[in-house]
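Colleague: Chain by chain, the residues run as shown.
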Amino acid sequence: MDTEAPKICLELRQISKSYREQQVLKEISFTLKEREILGIIGPNGAGKTTLFNIINGLVRPNRGTIFFQGQETTHWSSSSLSRMGMARTFQVPQIFPEMSVMENVLMGFRFGPEEGPTPAEAGDQAGELLEMVELADKAATAARELSLAEQHLLEVGRALATRPSLLLIDEIAAGCSPRTVQRLAELMAAWRNRGLTLLITDHLLNLTLPVSDRLLALDQGEIIAAGIPREVIRHPEVVAAYLGTRP
Amino acid sequence: MLAVQHLRVSYQGRPVLADVNFTLRRHQISAFAGAAGAGKTTILKALAGLLRPVAGKILFEGEAIEGLPAWEVVKRGIVYVPEGMRIFPQMTVVENLEVGAYLKREGIPARLDLVFSIFPELQEKVRLPAGVLSGGQQRMVTLARGLMAAPRLLLLDEPFMGLSPKLVKRFCDSFRDLRQTGITLLIAGQYVFRVLNVAEVAHLVEHGQITLSGSGPELLRDRHLKEILFPTGDRPPTGDKIG
Amino acid sequence: MVAAGALGLVVWPLFFREAPLYYQVMGMACLYGTLALAWNVFALTGAVSLGHAAFFGLGAYGSALLDHYWHWSPLLTIPLGALLGAAYGASWGLFFKRLRGVYLGLASLAALEIPKVIADNWDSLTYGSLGMVGLSSLPTLELGQWQVTLGADLRAQYYLLLAVMVLAALIHKCGMESRWGWALRAMRENETAAAIIGIKVNRSRAQALLLSSYLTGICGALYVHILGLIEPALVFNLHISALPLVMSIFGGRGRFYGPVLGAMVLYPLDQLVFQPWLPLGHAAIFGLVIVLTILFFPQGIAAWIPKPRKYA
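These protein sequence lines are chains A, B and C, in that order.
Everything in the first sequence is counted per my numbering, starting at 1 for the first residue and increasing by one.
Everything in the second sequence is counted per my numbering, starting at 1 for the first residue and increasing by one.
Everything in the third sequence is counted per my numbering, starting at 1 for the first residue and increasing by one.
One or more hints might be untrue.
Unchecked claim - These stretches of chain A come out as covered by chain B in the derived footprint (C-beta under 8 angstroms, 3 or more residues): (1) 127 to 139; (2) 235 to 244.
Unchecked claim - With a straight-line Cα cutoff of 30 angstroms, these simulated DSBU-like cross-link-like pairs (lysine-lysine) come out: (3) A:Lys33 with C:Lys200; (4) A:Lys138 with C:Lys200; (5) B:Lys166 with A:Lys138.
Stated by the list, open to error - One-sided and incomplete, this derived list gives chain B residues near chain A with beta-carbon spacing under 8 angstroms: (6) Gly131; (7) Gly135; (8) Leu163; (9) Ser213.
These aren't lab readings, by the way, just hints derived from the structure by calculation.
Yeah, the Cβ is synthetic: ideal placement off N, Cα and C, and Gly gets one too.
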C-alpha cells in the first residue's frame, strides 16, 4: 500500500441545504482520507445530523457534490451507499425491534455488499462481533428490550457486519456508562487500524477528542474551525459557541 | 420536604429497589449518582407516580403519596423530566411548552420568560414543529416543558445528555437561579459531576440501594464512587477538560 | 403437525364420498385461503391494504372478458386475466410509493373504487352492472384415459383449489423464510434500518405487491369461472377486501400457514353455522372475530400450535 499519498475516502464540495427559508448547511467542504478518524463538534442545531443524513443518502442536498471512494454519490440512496461500503448509526438507534440481537447482526451480514460470508461463516463472525460489543450474553434477547446503550452497541455491531469502508457514528455515547465510552474509544482505534475510516460526532468530548485525528467545528451550518483537536478546542469561536469556557 | 422510607420497588417480579431511605429539604439541590441500571430512574419514577412501590412510604410535605397516580403527583408540585427527547413532534415548540403547564394555568407568560432566559435558542424556534429540531434542541424542549409545570420539586433524569458543553454549563448555572424561585431540585444520572460540585446532598445508588450519602463535594472525593463513575482516571470527564 | 394437517386436507374426501356441499364449501375455503395468503404477501412488507378486492375483480374481469370475446379456455384466461390485476398492482407501486400505514390503507380503499366504477359504466365492454353470464366453467382435463371434469365434478374442483392454495402457501412460505422474506420483514420492522444495511426497499416492496396482486387476480378469475357469472358488485366487493385480513389475523401471521388456518376455520364456520343462524347479519360475525382476536389472542390461533425448535 502506498503510504505516501493515502486515498481519499470521502469528499464534500460546497454542500448546502435549506429547509423552508432556513439554511441549515452553508457550503460545507472537506475531505476525509482513508483510515482517518474525523470528529465533528458543534452546538445543538448546528447541522451535524443533517450533514450525516446528506452524506448517507437519507436527505438530498440543495447544492454541492459528494464523492465516496472516488465516485460521485450526491444523489445516491442509502441502500446503494450501504452496498458500496458506507454504514451508519443513529442518535436514536434504528434497530429491528422484534428481531433478536443475533438476528439483527445477521441481517447486516446478509445484506451488505455482494460478497458476503456463507451462512455458516456469518454465524461465527456474528458471534465474534457480539463478543466485541459485549452483547454476546444477550444474543437471543429481542432488540426492543435492550437499554439505550445496548441498542447503540447493537447498531454499531450490525453496521460493522455490513463490512463497510466508512462508518458514520452519530451520538453513540448517549446513555452509555463511562466504562462503555472508554471501550468504544478503544474499539474505534482498533477498527481504524483494521482499515476502517470513521466520521464521528458526539457531545461527550471524552470520546471525540482522544479518538479523532482531526476535528471539524460546525456552527449554524458553517465550518468555523478545522484542524487537530488540541487547536480546534482552543479556537475562540469554538469556545464561544460550543464550550462556554476556556479549556 | 420529602421523606422516603424503606422504599421497595419490583418490576415484573424482579426486585429493583430494596429498602431505599433518604430525605430532602426545601430548596436543596440533591443528586443521585450511579451506574446504568443501578436504580436511579426507578427512584424517580416511583416519586413521580409512574411506578407503584411494593412497600415503603413516600412523604411529600407530610402527605403520603406513594401509589398516587401521576397527575395527582404533578398537581402537588412534583414534576419528573425523563431521559431522552420526549416531545410532541407535531406540535410547535411553544405548544409543547404550554402543554407542560396543563395543570397550572396561571402565570404562563412569566414561566415562558424564565424558560427562554435559560434556553434562549428556543426562542427563535418557537413556531417550528418540535419534530424538526435537532436532538439536543428537543432535549432542551423536554427540560423546559418540565419547568413550565411550575414545579416545587423538579426531578431531572440525566439532564445533560445530548447537550453541548456550553449548554451544560449554562443549564447547571441556572440551577442556582431556579432555587431562588423556590424550586427544589433532584438530579439523577451517570454524568452528574457538575451537579455534585454544587449539590448539598448526594447519594450513590448501586444495585437498587443507596450505598453512600453526603454532600456532593464529599462524594466526589470518594474513591469507590470514582471507580464506578470515571474509570478513566482522576479527572471527571467534563466537557471543558481534555482527558 | 403441519404435515398432519396437510394430509388431513388431502384425505378427508375419502370419508365423505358423496357430499357435494362439503366439497363446495371446502373448495371455496381453499380459494379464500389462497386469497388470504395472497393478501398477506403484501402485508409482510408492513402494508395493510384494504383494496385488494380491486385485484380480485380485475383478475375476474380480465379472465371473463377473454372468455366472452375470444372464447379462450379458462386454462389460458385465468393466468392471463390475473395479469390485469398485477398491472393495477404495479400502478399502486408507482402512485403509492411514499405512502405508509394508515395513509396507504385509505388510498388502497379509494383505489378499489376506480375499477369498480369503470366496470359499472363501460357498458359496451363489460355489460355494466348487469354483468355477464354464461362464463365457461373450468375445463375438462384429459390425461390418457383419465378424464377430470373440473367444471362439474366438485370433488375434482376441490382438489384443484387445494393445489392452488398449497402453491400459494409455498410462495408465502418463501416470502417469510427466504432471504427476500427477511428483507420484507426488515422493512416491516424498521424501514430506515433496512435501507441503511443495503436492502432495496422500494424494489422489494414492489415485488411483493406485484406477486400479491397477481395471486389475488388468479383467485378472482377462478371464482368467476366456478360461479359462471360476473358483475361489478360481486367482485369489487368490500367483503372480499376484508375477509383475507380477518382470516390472516385470526389464523396468525407468524406462521406461513396462518392465513390457511384462518380461512379453513372461518369460512366453513360462516357457511355452515353462522349463515343458517343469522341469514341477515352473519357477515358481522367477522367483525366480532377480529375484535376478539386482537383482544385475546393477537398472534392468531396458529400461535397455539407448538413450533418445532430451530436454532436461529
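Colleague: Each hint needs a verdict: does it hold in this structure or not?
Modeller: Status of each hint after checking the structure:
1. For the segment 127 to 139 of chain A, the stated coverage by chain B is not satisfied: 0 residues place a CB nearer than 8 angstroms to a CB of that chain, which falls below the threshold of 3.
2. Note: the segment 235 to 244 of chain A has 4 residues with beta-carbon separation from chain B under 8 angstroms; the three-residue rule is met and the coverage holds.
3. For the suggested pair Lys33 of chain A and Lys200 of chain C, the alpha carbons sit about 28 angstroms apart, so the restraint of at most 30 angstroms is met.
4. In summary, the hint linking Lys138 of chain A to Lys200 of chain C is supported, as the alpha carbons are separated by about 29 angstroms, within the 30 angstroms threshold.
5. This hinted pair does not check out: Lys166 of chain B and Lys138 of chain A have alpha carbons roughly 37 angstroms apart, beyond 30 angstroms.
6. A cut of 8 angstroms between beta carbons decides the hint on Gly131 of chain B: the least distance to chain A is about 12 angstroms, and the hint is violated.
7. Using the Cβ-Cβ criterion of 8 angstroms, the hint placing Gly135 of chain B at the interface with chain A is satisfied: the shortest such distance is roughly 5 angstroms.
8. Annotation: interface hint on Leu163 of chain B holds; nearest CB of chain A at approximately 6 angstroms, less than 8 angstroms.
9. With a least beta-carbon distance of about 21 angstroms to chain A, the hint placing Ser213 of chain B at the interface is violated under the 8 angstroms criterion.
Violated hints, listed in ascending order, are 1, 5, 6 and 9; each of the other numbered hints is respected by the structure.
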